[in-house]
Amino acid sequence: MNAPGDEQRRDPDALLAQVRAEERRAARGRLRIYFGASAGVGKTWAMLSAARQLAAGRTVLVGISETHGRAETEALLDGLDVLPRRRIDYRGKTLSEFDIDAALERRPQLVLVDELAHSNVPGSRHPKRWQDIDELLAAGIDVFTTVNVQHLESLNDVVGGITGVRVGETVPDSVFDGADEVVLVDLPADELLARLKLGKVYQPAQAERAGRNFFRKGNLIALRELALRRTAERIGDDVRAYRVEQSIDAVWRTGTALLACVGPGADAEGVVRSAARLAAQLGADWHAVYVETPALQRLDAGRRARTLAALKLARDLGAATTVLSGDGVEAAVVDYARSHNLARIALGRGHAGRPWRMPCGRRIARLAPDIELLEVAAPQHTAADGLRAAPAVPAVPARAAVVAHGVAVLSSLGMALAATPTIAWLDLANIAMLFLLVVLLIAVRFGRGPSVTATCVSVACFDFFFVPPRFTFEISDLQYLVAFGVMLAVGLITGHLTAGLRFQAHVAARRESRTRALYEFARALSGVLQTEQIQEATRDAIGRTFGARTVLLLPDADGRVHPTSETGAETIAALDAGIAQWSFDHGTSAGMGTDTLPGSPVFYMPLVAPMRTRGVLAIEASTPHWLLAPEQRQQLDTFAALAAIALERVHYIEVAQEALVRIESERLRNSLLAALSHDLRTPLTSLMAQAESLARSSPPLAPAQRTMADALRDEMVRMSMLVTNLLDMARIESGDVKLKLQWQPVEEVIGSALSASRAALAGHAVETHVPADLPLVQYDAVLIERVLSNLLENAGKYTPPGSTVAISAERHGLWLNVAVTDDGPGLPPGQEEAVFDKFTRGERESAKPGVGLGLAICRAIVGAHGGTIHAANRSEGGAAFVFTLPLGTPPAPPPLDEDLEVEEQDE
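Numbering (the working numbering), first residue to last: 144 to 1050.
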């Protein structure tokens, strides 16, 4: 590590990337997020307070601020420039939203946009408010905003599991992580509950409900911990980015993460388990690395398998595992620790080796005195095993090793024979160089061991054939002993360095091969449009890279996985559909090399995409050990991720195509219905008028003729109602219906609906159950009457005469539930939702009139009011149709006139 005053040479590519990143940041505005555990901690107050301090020297615009009626927060808006909100009509209501066009037109230096996770009203430019903020940043405008921890996408399910409430508005973590500043606004749970009771968080009625549900002390403590941890993670990322930007090598002890060094010794498993326990006690992340040096590459298969098993154990225990390569263990470990800012290194104590070689721990301590070392003691049996361990043997087969050493011996002898005729005109030093050339070539071709053999044989041949007295190993001059020693040392050093370069070249070639394989696979998947193409590309890529057979299993509509082709099961004879299904259901790998059914010869890997698991990849490898190598497993994980994303992309392409066809079909059908209905209304109106005139003609018609005229009129009325339904359905779906919302009692619309449905309910007993204390509800009386009329007419149409039809209303929380029930035959099983589809009738091929639009119109009207409607069969018999309307807060009644009050008192 350089001294503080020394200049450090930085990577030119890193400098160029940094300059480009700074240019991009300079062109964009800066984003500051005020982050809190829940509502009421003071995020908006903190944001407005900071803005007021900056208003003296910068142009500050309040784009949108949600004060929720808090007086102390609203007071901070005084003196700030507040942007008028944009008014948007949606389903008969006028809603207000942030006006991004006005903000861009005014171009202030700073805009305050509250509630980052807010969903904009349909019809806005962007569906999400964070997309509005991104456009402001792209225009070079700084933005202050707020967000709670439950709105972060990665923590949404975690918070839902804690509080029982899963919010629907979320923000991608990339937006949070990409912010220039994150300001944590923290408040203890007791203080927040006190603010809630004082009405400083919500209005009293809303605060009471919040205190019973979301705002429980346990929930608030857990949310506070999540917010603190997420902020700490964000700050850790900032620290790492700053260290990279400033080329800081020294370890900063800002965290508790540690690094476990896994070696080929028998104590590797103990090191891994000790590091896992320590990380769990500290609540910290941890890493496990194995450094593969030229010496360790020659380990026997047993010791290498033990090392890879230790790495797999570390990965199973939650570590980030990596295999490093380098000439020395110490330098590679220290570089990794510094690049990841790991202040602690755990390693085995090791055993007595060469007396002149310093232990690994001391070498690391000397190389990095700023890093803490934790030595893990090995059990006694481990130490004994280490002492009895056989020396490392070449990983190459015995026959290949014998051939390599034989070539080294023959090459040295051949060089001696070839150089013998040149002894008359070549100096001995030049002949010695020829032998060193042989050593160099052997090292390049066969590695370190054969190069040592070539060095020893070359020295012997040089002494025997060329040093006087020749053809004997006697030495006439002691100076030749120095020459032999130097020649032997140069040969050994040259062979060692050459073998090291050969190893590095081999590592670089493997790394380049993996990179090329990933690039080719990604390029092959980039243009696929069919599942079969993904299967073919995946099979070819994994077959070339790992020498394994592959089958892709995809789920059907019931969630059962099957091979994508008929030949899939035949490709892998040992394919087990049960294991594949388990892997798909649990989203976890199974089979060979895992802890779940490891006896299977097939490895099953779930293809987990961002939205859901898309299938299972079944791989049959020739050797089971290749899965243990972290670099192999990481590459396979990358292949699986690419395949999963490609499958999800193809799926959504198909969904988009189906949706487009469905939308066009719906638009065409609505256009035809509207045109047909308009064309039919005029002649139907004329026919109805003529039928009325005919029935009242003078002189009066005969009884039989009068009956025919009345029947003609009734059929015209029924036909007119069908046409009206068609027109209403087309208007509702096109968005042309404007709700005329008024606060009114529900009793009135129920009474008018019963009057309008008197003919349809003839012969039925009608009951009403409407409490007198129901609150006023805001709704469109004409449309809700239509809903009730359709439900009542359906009840009268599909129940036998004498049946009872009941209509009731009750308050349920924040909703008003209105139900129409009967004691008739009920709904067909499984058709409770289908009856609300357009052109769906309760009885197919029935003589009962209708085209199946009444319930579809009901669902569309109720949905426009913000409610829901559903149907079900009653346990005591019959059907029940229930729709809900939001209650809201009715306006306060106007004050009575004083004169009117006096008159009432006189009376």
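Think of the hints as simulated: they come from the structure by calculation, not from any bench.
Among these hints, one or two may not hold up.
Claimed, not checked - Here are the computed distance ranges between Cβ atoms for each label pair:
id	residue 1	residue 2	range
1	R1017	D683	56 to 62 Å
2	A198	R228	19 to 25 Å
3	G222	S317	33 to 39 Å
4	F616	W568	24 to 30 Å
To be verified - Once the Cα atoms are required to be at most 27 Å apart in a straight line, the calculated DSS-like pairs of lysine-lysine come out as:
id	residue 1	residue 2
5	K981	K883
6	K360	K340
7	K883	K236
8	K236	K981
9	K881	K981
10	K271	K881
11	K940	K236
12	K236	K271
13	K940	K881
Keep in mind the model is a prediction, meaning the values are calculated, not measured.
We treat Cβ as the ideally placed atom computed from N, Cα and C, and that holds for glycine.
How the hints compare with the structure:
1. In this structure the hint that R1017 and D683 lie 56 to 62 Å apart at CB holds, the actual value being about 59 Å.
2. Between A198 and R228 the CB atoms are about 20 Å apart, so this pair conforms to the stated range of 19 to 25 Å.
3. The hinted range of 33 to 39 Å is satisfied by G222 and S317, whose Cβ atoms lie roughly 35 Å apart.
4. Taking 24 to 30 Å as the suggested C-beta distance range, the pair F616 and W568 conforms, at roughly 25 Å.
5. With a CA separation close to 25 Å, the supplied pair K981 and K883 stays within the 27 Å bound.
6. Using a Cα cut-off of 27 Å, the hinted pair K360 and K340 holds, with the two alpha carbons roughly 13 Å apart.
7. Pair hint K883 plus K236 holds up; C-alpha atoms about 9 Å apart against a cutoff of 27 Å.
8. Restraint check: the Cα-Cα separation between K236 and K981 comes to about 26 Å, which is no more than 27 Å; the hinted pair holds.
9. With a CA separation close to 21 Å, the supplied pair K881 and K981 stays within the 27 Å bound.
10. Straight-line distance between C-alpha atoms of K271 and K881 comes to about 25 Å, which keeps the hinted pair within the 27 Å bound.
11. With a C-alpha separation of about 35 Å, the suggested pair K940 and K236 falls outside the 27 Å cut-off, and the hint is violated.
12. Restraint check: the Cα-Cα separation between K236 and K271 comes to about 20 Å, which is no more than 27 Å; the hinted pair holds.
13. For the proposed pair K940 and K881, the alpha carbon gap of about 30 Å is over 27 Å, so the pair is violated.
Consistency note: the structure conflicts with the earlier hints numbered 11 and 13.
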